[in-house]
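J.: Modelling step: build the complete structure from the supplied sequences, incorporating the hints.
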Amino acid sequence: MATIDLIDLKKNYGNVPAVKGVNLKVADGELIVLVGPSGCGKSTLLRMVAGLETVTSGRIEIGGKDVVRAEPAERDIAMVFQNYALYPHMSVRGNLEYGLKNRGTPRGEIDRRVQDAADILEIGPLLDRKPRQLSGGQRQRVAMGRAIVREPAAFLFDEPLSNLDAKLRVQMRVEIRRLQRRLKTTSLYVTHDQLEAMTLADRLVVMNGGLVEQIGTPTEVYDRPATLFVAGFIGSPPMNLIPAASLSAGENAGTLRLGAETDIVGLRPDQLYIARPEGDVLTLAGTVELLEPVGGESHLHVQINGTEQPIILTVQGRPKLAEGDTITVYARPEDIHPFNQQTGRRTDAN
Amino acid sequence: MQTKRTIFPNKLLPYALLAPQLAVTLIFFIWPAAQAVKSSFEREDPFGFRTTFIWFENYTRLFSEPGYLNSLTKTAIFAVSVTLLSMSLSLLLAVAVNRVLKSNRAYTTLLVWPYAVAPVVVGILWWFMFNPTIGIAPYMLRGLGIDWNHRVDGNQAMILVVIAASWKQISYNFLFFVAGLQSVPQSLNEAAAIDGAGPFKRFWTIVFPLLSPTTFFLLIVNINYAMFDTFGLIDATTNGGPNQATNILVYKVYADGFLGLNIGSSAAQSVVLMLIVIALTAIQFRYIERRVQY
Amino acid sequence: MVENRPWLSLLTHLVLIVGVVVVVFPVYLAFIASTHGSGDFMRGLVPLLPGPHMLENYGRMLTQGISTAGAPPVSIMLMNSTIIAIVIAVGKIAISLLSAYAIVFFKFPFRLLAFWTIFITLMLPVEVRIIPTFAVVANLGLLNSYVGLTLPLIASATATFLFRQFFLTVPDELMEAARVDGAGPMKFFRDILLPLSRTNIAALFVILFIYGWVQYLWPLLVTTDSRYYTVVMGIKRLAATADSEPLWNLVMASVILAMLPPVLVVIFMQRLFVKGLVDTEK
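Chains as they are written, first to last, in the numbering used here: chain A, 56 to 405; chain B, 2 to 295; chain C, -9 to 272.
What the hints contain is simulated information worked out from the structure, not anything from laboratory work.
You can trust all of the hints, since none of them are fake.
Straight-line C-alpha distance at most 20 angstroms; calculated EDC-like pairs for lysine to aspartate or glutamate:
1. B/K12 to A/E108
2. C/K177 to A/E126
3. B/K5 to A/E108
4. C/K97 to A/E126
5. A/K80 to A/D131
T.: Below you can see the structure in the form of structure tokens.
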């Protein structure tokens, strides 16, 4: 059990900055998800915490102790890798025991911990198999088991689910969540999948270009994205970002009060309507470009007059619309997220 | 040059790990080679007391010496003949093995073991077969009206060493041709068959061109083999004779240096050989660099 | 097979059978010769069927040898060859594993220089630097010793490259996981890397054992004491005497004995042998 503090952490590869100064306080027992596109520095950050990557400047404290110069083994962390990194020539039991043996843990204690981990993860019957005899999901469990037996101060997960197929990924996601709640071990979890991030995290850290864009709970980040990048990254289909001018020109635009610096506005696909909702509304005129039925709902692509990018709406059921139909789209003023293109930030931030 | 994404931070350990290899390399490879280069520019007086620096005199003398020029020619003839003979036989056998499905393992086993026979032993085997007094080959050749005596006839001696050297190298070429053939996609062959090409046409228009990386690689390896790995074979069959007819470069450098004790000339010969190996290795690695990118 | 043409299949097998005969015949002849009495060659033609003296000939070569040839009994030379081939193979593998490990898993000043120094050995076969290498070994007092027979042949660029190539394919995460698990560099090498390299080591051992066994020029240079003769070089001395004395049966018996160990290794470890051969040339 421990906190993790990152203080102005930076990493350069030669002259190329990968992490440009990150500050983060992880509370004891918290599950923090680092999310962002590939190359945003999230993995580098995690690997610096693990001690697998040297730190250019800044501090890392685990449990209040500065560990920047410590070997990975001295940091009391355990890591789950994307490709699991199970030792192929050792049995499952051998894999679980290896780290404990290296630490000189007594035999009885090793057996107890391996048994506990095997029970928790239900891999007891697999203990004498070799990794190549296991399915992807089983390997994933063993990799988790190797972390659990160590009873470390923190778990570090590096995209642990990205090698699994979609169905198994959802199942393992739930399991990791449950396990982490049960063990209450401080965890850092890296993923590029925003849905995985939203469902797992106590708090999200959205990263882009080596910098933190926003830190917050999943709902905070979804409801009030702090930057244009976060707005476009979190949520699927992503938030529509359209020039403020095309809104102001619409009918009833008088009810809209945007600050002078707002030149771009965001609207979530599920907060746009084809039937007029009650209260004040804004209208956008356009033509239907494509209707994608995705089961219970449909994604409607509409080309708004005077803009270049089509916007996407989520509509219930399968509306009777065809390509080329002209259509009016409604939005509520309170659902609008105002941004400034130049700074990339929200303009109604407090 | 490539390393791992993360590396161990130890400062001294890598040097300790490299020490044995580097020590052996420096003491038994680099230092002697440097000595050879040095002596090739020097003349030693008959008692070995004094050495004089004489620039390229050893080289100019070497290249004006008929014996050395003869050796160069013989080496070229030998290397080219061995390469062509061995590679064509191996390709034929490899293609044949690639066609049979059931018994190919048995055939392969029967064809590859000569790799493990030492060149000297190969020499003795063929020397025995071609022994003018008791050998079976001269006996049969006499029936055809050919009088075989490689101890007298230089051309026959060359034929003997070419056959023996090729025989040993068949197994090696065969294995690489088989590997090359197996990497030719079967779908191409089938497509060509549908296009109406018969088996021979398919081989020359589809398979052989796709095999060219293997062929080129083996070409270099075989030349290298014929030039440098056949010392024992020559020593066991002809001793470079008769009348220097099979005195290839590696044999001559040994004979001149070790038996004739002509240090300067032998060193110059060594340096020439080094340049040849360096050229061959460079060609081979250029080609491998390219292959890696496929 | 794309189509079925009986005459082509027949031709294929014919080619293979002729090939096998050509490959096997010289050795068959040697074997036949080794089973006859010494007088059987006087009539001027080698017999083509086995004779009755096999055990006698082999027994004599193994225990006594040919006294006039100046070579010890074949059994002693076989023993020397075995020792030398194993020491060379193990030595090459050991020092190559270590250097490849250093080059792949560490970064240090002069890493590239070390790599190229090892690379250069490819371009310096013993044949091109005979005299100075002999001088070094003589100066070190290593003539007529197992050390002198093996140590100078132990450097290996090929083996180093092979292991380097293999190490580069070992996933980075494996080493990272081991570090998180508290393994230092030597522990990782012993616990993870060596077990993973098993197949490569075995394949390489087959190739290098043969390499060591067939060495001729080097043993010829550094041994004058017949106690250190290897069978491959000893045989040359036996053959030289056979020209004056009709002892073909005995010479061929030792030829067969000299071939047997490495040939058996190739036949019984064919899979490893092929892997080793193909891998070392990559």
